[in-house]
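Participant: As given, the protein sequences belong to chains U and C, one line each in that order.
If you count by numbering that gives the first Met the number 0, then the first sequence holds residues 0 to 440, one letter each, in order.
If you count by numbering that gives the first Met the number 0, then the second sequence holds residues 0 to 584, one letter each, in order.
Keep in mind that the hints were calculated from the coordinates and are not lab data.
Certain hints may be false.
[To be verified] Here are the simulated distance ranges between beta carbons:
| hint | chain 1 | residue 1 | chain 2 | residue 2 | range |
| --- | --- | --- | --- | --- | --- |
| 1 | C | 480 | U | 166 | 35 to 45 Å |
| 2 | U | 28 | C | 203 | 51 to 61 Å |
| 3 | C | 564 | U | 300 | 44 to 54 Å |
| 4 | U | 375 | C | 422 | 17 to 27 Å |
| 5 | U | 418 | C | 422 | 22 to 32 Å |
| 6 | C | 506 | U | 350 | 38 to 48 Å |
| 7 | C | 398 | U | 361 | 31 to 41 Å |
| 8 | U | 377 | C | 508 | 27 to 37 Å |
| 9 | C | 279 | U | 166 | 47 to 57 Å |
[Stated by the list, open to error] Below, a list of computed lysine to aspartate or glutamate pairs in the DMTMM-like style, where the Cα atoms sit at most 20 Å apart:
| hint | chain 1 | residue 1 | chain 2 | residue 2 |
| --- | --- | --- | --- | --- |
| 10 | C | 510 | C | 421 |
| 11 | U | 430 | U | 350 |
| 12 | U | 261 | C | 403 |
| 13 | U | 370 | C | 421 |
| 14 | U | 429 | C | 482 |
| 15 | U | 327 | U | 395 |
| 16 | U | 370 | C | 481 |
| 17 | U | 372 | C | 403 |
[Stated by the list, open to error] Residues on chain U that point at chain C, a partial pick, calculated with CB under 7 Å:
| hint | residue |
| --- | --- |
| 18 | 99 |
| 19 | 248 |
| 20 | 257 |
| 21 | 269 |
| 22 | 273 |
Predicted, not measured: the structure shown is a model, and the values here were computed from it.
Glycine included, each C-beta is placed from N, C-alpha and C at the ideal position.
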Amino acid sequence: MEKDTKAFQRIYTKLFQLTKATVSLQATGIGNEELAIVDGRLAQVVKIMEDIVTLQVFAGTEGIANDAEVIFTGKAPTLKVGEGLAGRFFNAYGEPMDGGEIMGEEREIGGPSVNPVRRMQPSEFIATGIAGIDLNNALVTGQKIPFFADPDQPYNQVMAMVALRAQADKIILGGVGLTNDDYLYFKRVFDDAGALDRIVGFINTTENPPVERLLVPDMALSAAEYYAAEKNEKVLVLLTDLTLYADALSIVSNRMDQIPSKDSMPGSLYSDLARLYEKAVQFPDGGSITIIAVTTLSSGDITHAIPDNTGYITEGQLFLRKDSDIGKVIVDPFRSLSRLKQLVIGKKTREDHPQVMNAAVRLYADAANAKTKLENGFDLTDYDERTLDFAKAYSEKLLAIDVNVEVDVMLETAYELFAKHFTPVEVGLKKEFVEKYWKEN
Amino acid sequence: MSTIGKVTGIIANLVIVEADERVAQNEICFIKHEGTRLMAEVIKIMGRKVYVQVFESTRGLKVGSEVEFAGHMLEVTLGPGLLSKNFDGLQNDLDKMTGIFLKRGEYTEALENDKEYEFEPLAKKDDIVKAGDWLGQVKENWIDHKIMVPFTFEGEYKVKSVSGKGTYKINDTMAVLTDADGKEHKVTMVQKWPVKVPIKAYTEKPRPFKVLETGVRVFDTLNPIAEGGTGFIPGPFGSGKTVLQHALSKQAEADLVVIAACGERANEVVEIFTEFPELDDPRTGRKLMERTTIIANTSNMPVAAREASVYTAMTIAEYYRSMGLKVMLLADSTSRWAQALREMSNRMEELPGPDGFPMDLPAIISNFYSRAGFVYLNNGETGSITFIGTVSPAGGNLKEPVTESTKKAARCFYALSQQRADSKRYPAIDPIESYSKYLEYPEIVEYLNKNNGENWTTNVFFIKDALLRSKETYEQINILGDDGVPLDYHTTYWKGEVVDFVISQQDAFDKIDCRSSFDRQRYMLEKVVDVLKIEFKFDSFEEVNPYFKKVINQFKQMNYSEFESDEFKKNEKELENIIQERKVA
Chain U
0 MEKDTKAFQR IYTKLFQLTK ATVSLQATGI GNEELAIVDG RLAQVVKIME DIVTLQVFAG
60 TEGIANDAEV IFTGKAPTLK VGEGLAGRFF NAYGEPMDGG EIMGEEREIG GPSVNPVRRM
120 QPSEFIATGI AGIDLNNALV TGQKIPFFAD PDQPYNQVMA MVALRAQADK IILGGVGLTN
180 DDYLYFKRVF DDAGALDRIV GFINTTENPP VERLLVPDMA LSAAEYYAAE KNEKVLVLLT
240 DLTLYADALS IVSNRMDQIP SKDSMPGSLY SDLARLYEKA VQFPDGGSIT IIAVTTLSSG
300 DITHAIPDNT GYITEGQLFL RKDSDIGKVI VDPFRSLSRL KQLVIGKKTR EDHPQVMNAA
360 VRLYADAANA KTKLENGFDL TDYDERTLDF AKAYSEKLLA IDVNVEVDVM LETAYELFAK
420 HFTPVEVGLK KEFVEKYWKE N
Chain C
0 MSTIGKVTGI IANLVIVEAD ERVAQNEICF IKHEGTRLMA EVIKIMGRKV YVQVFESTRG
60 LKVGSEVEFA GHMLEVTLGP GLLSKNFDGL QNDLDKMTGI FLKRGEYTEA LENDKEYEFE
120 PLAKKDDIVK AGDWLGQVKE NWIDHKIMVP FTFEGEYKVK SVSGKGTYKI NDTMAVLTDA
180 DGKEHKVTMV QKWPVKVPIK AYTEKPRPFK VLETGVRVFD TLNPIAEGGT GFIPGPFGSG
240 KTVLQHALSK QAEADLVVIA ACGERANEVV EIFTEFPELD DPRTGRKLME RTTIIANTSN
300 MPVAAREASV YTAMTIAEYY RSMGLKVMLL ADSTSRWAQA LREMSNRMEE LPGPDGFPMD
360 LPAIISNFYS RAGFVYLNNG ETGSITFIGT VSPAGGNLKE PVTESTKKAA RCFYALSQQR
420 ADSKRYPAID PIESYSKYLE YPEIVEYLNK NNGENWTTNV FFIKDALLRS KETYEQINIL
480 GDDGVPLDYH TTYWKGEVVD FVISQQDAFD KIDCRSSFDR QRYMLEKVVD VLKIEFKFDS
540 FEEVNPYFKK VINQFKQMNY SEFESDEFKK NEKELENIIQ ERKVA
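Could you put together the complete structure from these sequences and hints?
Facilitator: Spelled out as structure tokens, the structure:
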């Protein structure tokens, strides 16, 4: 049944088992996780038992006959890396979507992890201009952080905005089950900004088979490692939407007859997601990989296995919320958290940054309490009224995602709002900061 | 001659090996692959088929690859030089590895073979010794590292010779022992021990009867952990587990600290690598790193080695306990370890227990916790391992298998609450939900009252009651409204808040408040109890809130000032004045 084509390459034509996603055949000398072409479709070895090899066909097995041609490539999934990557968009297999070839060195994707003792502590502030992020949840190079958002929220727009303002040397977009519209949106926004030469995209849209998606984050991160580890560049990786990645994992594990754990997700979900997110790193030679991802929620439920496992892996999370008082989307100051902000705020930014941040959030919390009081029919005190006024202005001038200013301006704005609504004692800043920065009306 | 086998099947990191000769459960083997040797552990034997879990990626591995069985279980190397090291889960020295990325199949020596140590003999010729007995000691950082009769030695031995005072390398022969049959055994500074077997070179393991000072009030005052005790910290993400563990590792009154970073974020380990070599250990005046050993198996490192990492850490802790030291072992997080067990159990197609975890999960967990403890060594000296593990419950729900199994095994329960974290009440340990079983031990109560004053435990239970009553009253006020309850409901509520703000809460980022000695805790506890017992006069409920806020604020100023300093006394004086304002004479 087999004949030699090229050296080391044999063609098999006898499949004895076909399922929705896998095919099995008799073959020898095959490596684990090796790629093969089954009837022209890409497949990967997922199981070897004696001389029986099981392949997962990324695009599904519809229409494959039991005499289909199977060619083993002798290698794990790879990406060709080189200068030619920049400005191009690729499919999940790392092939340019506009055709043509990429010149470069072939790298296995999903490679080894960085030795923890060789990592540097992240310490460089990423300015995005969005006060809900810079002021309250400052991002740091080498950090990994997702947006937790409901599907109807404009997370892709915010992410594109962050990416363009973040002054990264390269932006790598990993589109995991992106709608075609959103893909075109990203492309247009980057093009309009004249940033296409800094962008590399790996795109799997909803039009492509779901299992293919599993390759996209690894492709994106391998390209990121090339730029960050070898070219010492600051790389920002955008992965949207990793909930769909996890869904694809559960499809595969289901077809492999694995026992599901919480929410029908595979038991290895934590490790699978950590393997991706932990590629975020600050290298000693200046290069860094920062990951901003999207995890879509089902009506805000963060106890679902996907956001839950993600929360344990990432260094914080950003929540978007529509503020009905001002009719705009804001970065929720209560539920959002950047675990690494302490490494930069007040150090790389102005000294009073942490205090101003905390004071504003505390006053905003007082406003939330006042609101509850109001809803429950209790009377409001003068202080309550003032917190409500403050909260509205704070939302409008700082939390809204359309704000785009420098951190110093954010701090000045905060002082203006403080002075307008409160006395220095009510705000409770350190005395030296009040003397230095407080703005009397 | 070691057994040789051949790979016949591969599913992710589960590999099936065919072997004809002797193979033991949990035996280590090496799979040859493209010039490297991949380490693996036997987890099941079915006739000639041996199931092994590989500690590395199996990408590219082929059927037919040769497998060499090592003839022993997973072992660690024990000897001088373990302190200050950063190991991976298999005890490879991460600093010795080359390159930025970890290489598959790269294994390093755990210790420095060429480093010289000053040796001082403790045993003499003709002494009768057994496993764990001290033959001599060398200086490792500031501790006297004991050179012991290897734990694998069974029965009694007679010392034939011990090296004299001098400088030696770890593989030099330090003593020669003669067994009952007259056979001679050479002893070096190094020995090996299988990680999954507890080291039992002690005579007795009594109930813990001392309290370990951690400097964290919500532990020491409210729910103390015994020296040699066990505790666990479950909590949802973002509730402050890591900050708390770091605080414990920095401040606990232990001789040394072993940290197993098990399946957690790499940047958190980097924080320890970066900070600990800089931070001073207030007890010794040396750097914190000198009393710390880190076993780092971060979440992106191979899953099978994650399971090994907690055992490696425990074995190192047991080794130092045998030297008569107070060891603190921290594991963050034991849930990741349980998940590693689940992944393997799943691939072996075992019938699953709750949430897909293996059926024997509770047994595995309680077995592990039972390795901690306070012990009397053969020579009458004492040593201890105090173990605190964190648990990361899925969705923050404490009714999941890992939390429940751990609750059965650990004696202290420190529940991190999302609600407290959201309202920035740190450490976010719920003072009411949490418990320490040790407070029920008469010997612990006696110890506490002897060391912290005879009223200590009475006071502790008094403030616990105050917290509980405050919570109940708060619920009443919420239902009936501020003016719908008697005035004293408000004072009861606020008195509980005083306990919460002054004792339960603590600023881990403030250089004074972060660490509170037992002396200081006793002083503050008495102060708080005094205030709680005072009757205050208010005309309306509106006066209660601002007044107690003032009291709390003044108490906090005390917490922020150096104990017994002028500033501390000034703040205390100010507090007295505030109290006099409304005290009913």
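Participant: Are the hints correct? Go through all of them and say.
Facilitator: Here is what the structure says about each hint:
1. For the hinted restraint 35 to 45 Å between residue 480 (chain C) and residue 166 (chain U), the CB-CB distance of approximately 53 Å leaves it violated.
2. For residue 28 (chain U) paired with residue 203 (chain C), a C-beta distance near 59 Å keeps the hint of 51 to 61 Å intact.
3. The hint said 44 to 54 Å for the Cβ distance between residue 564 (chain C) and residue 300 (chain U), and at roughly 50 Å that hint holds.
4. Between residue 375 (chain U) and residue 422 (chain C) the CB atoms are about 19 Å apart, so this pair conforms to the stated range of 17 to 27 Å.
5. A beta carbon spacing of about 27 Å between residue 418 (chain U) and residue 422 (chain C) agrees with the range 22 to 32 Å that was offered as a hint.
6. Remark: the range hint 38 to 48 Å for residue 506 (chain C) to residue 350 (chain U) is contradicted by a beta-carbon distance near 19 Å.
7. The given range of 31 to 41 Å is respected by residue 398 (chain C) and residue 361 (chain U), whose C-beta atoms sit roughly 33 Å from each other.
8. A beta carbon spacing of about 35 Å between residue 377 (chain U) and residue 508 (chain C) agrees with the range 27 to 37 Å that was offered as a hint.
9. The supplied range of 47 to 57 Å is broken by residue 279 (chain C) and residue 166 (chain U), whose beta-carbon atoms lie about 38 Å from each other.
10. Using a Cα cut-off of 20 Å, the hinted pair residue 510 (chain C) and residue 421 (chain C) is violated, with the two alpha carbons roughly 23 Å apart.
11. Proposed proximity of residue 430 (chain U) and residue 350 (chain U) is supported: the alpha carbons are some 13 Å apart, at most 20 Å.
12. About 16 Å separates the Cα atoms of residue 261 (chain U) and residue 403 (chain C), which keeps this hinted pair within 20 Å; it holds.
13. The hinted pair formed by residue 370 (chain U) and residue 421 (chain C) meets the criterion: a straight-line CA distance of about 18 Å does not exceed 20 Å.
14. Annotation: proposed proximity of residue 429 (chain U) to residue 482 (chain C) is violated, straight-line Cα distance about 35 Å (limit 20 Å).
15. With a C-alpha separation of about 8 Å, the suggested pairing of residue 327 (chain U) with residue 395 (chain U) holds against the 20 Å cut-off.
16. Restraint check: the Cα-Cα separation between residue 370 (chain U) and residue 481 (chain C) comes to about 17 Å, which is no more than 20 Å; the hinted pair holds.
17. Restraint check: the Cα-Cα separation between residue 372 (chain U) and residue 403 (chain C) comes to about 38 Å, which exceeds 20 Å; the hinted pair is violated.
18. Checking residue 99 (chain U) against chain C by beta carbon gives a least distance of about 29 Å; that is not within 7 Å, so the hint is violated.
19. Here the hint on residue 248 (chain U) is broken, as its CB sits about 13 Å from the closest CB of chain C, past 7 Å.
20. Interface restraint check: residue 257 (chain U) against chain C, minimum CB-CB distance 6 Å, threshold 7 Å, status holds.
21. A distance limit of 7 Å between C-beta atoms decides the matter here; for residue 269 (chain U) the minimum to chain C is near 6 Å, and the interface restraint holds.
22. Because the smallest distance between the Cβ of residue 273 (chain U) and any Cβ of chain C comes to about 3 Å, under 7 Å, the interface hint for this residue holds.
In the structure shown, a violation is registered for the earlier hints numbered 1, 6, 9, 10, 14, 17, 18 and 19, in ascending order.
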